[in-house]
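S.K.: Residue strings, one per chain:
There are 2 protein chains.
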Amino acid sequence: MIETPYLLFLGDAADPLAAKVAQGIKDWRPEFCVGQLRLDGCQADMGLDDLTIEEAIAKGAKTMVIGVANRGGYISDSWREVIKQAIESGMDVASGLHNLLRDDIDLVEAASQNGRTLHDVRIPSVKYPIANGVKRTGKRMLAVGTDCSVGKMYTALCMEKVMRERGMKASFRATGQTGILITGDGVPLDAVIADFMAGAVEYLTPDNDDDHWDLIEGQGSLYHASYSGVTLALVHGGAPDALVLCHEPTRKHMRGLPDHQQPSLEELRDTALILARVVNPDVKVVGVAINTQHLSDDEAATLCKETEERMGLPTVDPYRHGAERLVDALESI
Amino acid sequence: MIETPYLLFLGDAADPLAAKVAQGIKDWRPEFCVGQLRLDGCQADMGLDDLTIEEAIAKGAKTMVIGVANRGGYISDSWREVIKQAIESGMDVASGLHNLLRDDIDLVEAASQNGRTLHDVRIPSVKYPIANGVKRTGKRMLAVGTDCSVGKMYTALCMEKVMRERGMKASFRATGQTGILITGDGVPLDAVIADFMAGAVEYLTPDNDDDHWDLIEGQGSLYHASYSGVTLALVHGGAPDALVLCHEPTRKHMRGLPDHQQPSLEELRDTALILARVVNPDVKVVGVAINTQHLSDDEAATLCKETEERMGLPTVDPYRHGAERLVDALESI
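Chains as they are written, first to last, in the working numbering: chain A, 1117 to 1449; chain B, 1117 to 1449.
Warning: the hint list may mix true and false statements.
What the hints assert, rightly or not - Rough simulated footprint, nothing fancy, chain B against chain A, three-plus residues with beta-carbon under 8 Å:
| no. | stretch |
| --- | --- |
| 1 | 1181-1190 |
| 2 | 1236-1250 |
| 3 | 1341-1347 |
Calculated directly from the structure, the hints in this document are not laboratory data.
Quick reminder that beta carbons are idealized off the backbone N, C-alpha and C, glycines included.
All chains should be built: construct the whole structure from the sequences, respecting the hints.
M.R.: Encoded structure:
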């Protein structure tokens, strides 16, 4: 568990996209953000107060989050200086970079001397159990996609936002690095040892109140040859009561696999249901989330309407149109 | 790759079952075995010559394989003495124990001083790639089960034996510890990091002659909540041309999951085909292998006949009846 609130470190981000982790935290957990720290040349701006480390500490910041990625995911000398200063001033540091904080001797030494924690969210910090398949209390929603990177995390976060506005009990459960940094907790599922994947998801979504919903962040796709095993572990470890189908309509082929085509939403629905029923016979597909970022307003509205008629399921772009109708569907089961 | 031939170390095996790794090597690769080494009180016997380490070396043994497990999977003092002696006499050592050879300071030091290799087959020795989903040359068979531990490894090994007798090109491809020790090579799939599972299977089954069959050892079950992700990675990384359905008819529930029932062979067939077609549209289910070890001869024959009529697929217990008819089915596609 990463201590909040955060100072968001944007470094010398080459463009706004390089700071997408910071953007995600700012978008979904603004209450966690006391400010941002930018180096010379930084091309990203979260619209937060620019703070020095001392100012951030004075405002209560407990953790500096590396909200930026550079090519190669390494820790540059100019970053290292600031990270060391944050540690020495009393903050923990959290990072999803490929190169781990814990492999950097200077940072490890500084953390040790100052009693601070380095969080490398790219790798697991817990020894997860093997899944036991026992039914847990509470309810669970899982977003499954026709492909990787089609908006599963955003769908779950949009739904959580609406549910909290309605006073429903809802927890986004992060299964990837960005999601973990956004919420401060979760399981980096793609880095878990094969035998423990489903057990890690059970661990992530324990018994809860009967009217509480876990909104589990999806990973990969049952149809993606590289990552489908991770997805099936999510289905069987998560034992969802509700599935939301996620789709990106402009993909020419499966992400990273030029010879592979996306399945139809009907195929995804049928296959996901067969597999999810293994652990939860009552599971239902409740809606469709379409990522319309590459479509005009008219195109997006038309596609959602056509898909809704075809599938007989509420269909929206939850980021563009809001997730209200998906949450309505959850409330009705 | 573990160097052959082997000296099989049976230790002080409490009963024959404790030496099932040694039994597997003796059954399936007798040509790899120069002899066995037993300690006082050993209750297992492979029917091989009892050799000292010096005699084994004289007969050409390159590797001593720990063919026995004790409760807890640890290395006892009496074992350590013999293992050290093997290393100092010039043998490598291979083990599938939970406690790793490489974590034993004495053994690491002995291996280092004598230039020998310690093979811990429980963990990967290769940095596997992420799967690329590209179609490979050659043919592949994968055994899929209604449950874990229903005879998938034995089915593949029985088929390999028949195929080699017929002069066909066939390679058993091990994906578990016992299979790796039997063949000297393979991928310990349950210990691979999630993101690289399917890539590890692609690595294990590379391009080959058009008339060559890889017989891929199955793991887990698409219907087993704890391990299904590993199984789907095998399906998508293996991209099989042929599937054999494996079943154990006396199971009361899924192994280790008292609340979960096995699927029918029809359900397994349909689900496995849907998922396997994602990477190989021409995949076929060619036969059924039933593990009849708990049935009488008559019961076994009746069940196979009934299943064959119901499924319309050649159905045998490959260990009891031979795998000829399953291989016939492979030859016909």
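S.K.: All the hints need checking, so say for each whether the structure fits it.
M.R.: Hints, verified against the model:
Restraint check on the stretch 1181-1190 of chain A versus chain B: 0 residues with Cβ-Cβ distances below 8 Å, three needed, restraint violated. Here the stretch 1236-1250 of chain A counts 5 residues with a CB under 8 Å from a CB of chain B, which clears the bar of 3, and the coverage holds. Under the rule that three or more residues need a Cβ within less than 8 Å of chain B, the assignment of the stretch 1341-1347 of chain A holds, with 7 such residues.
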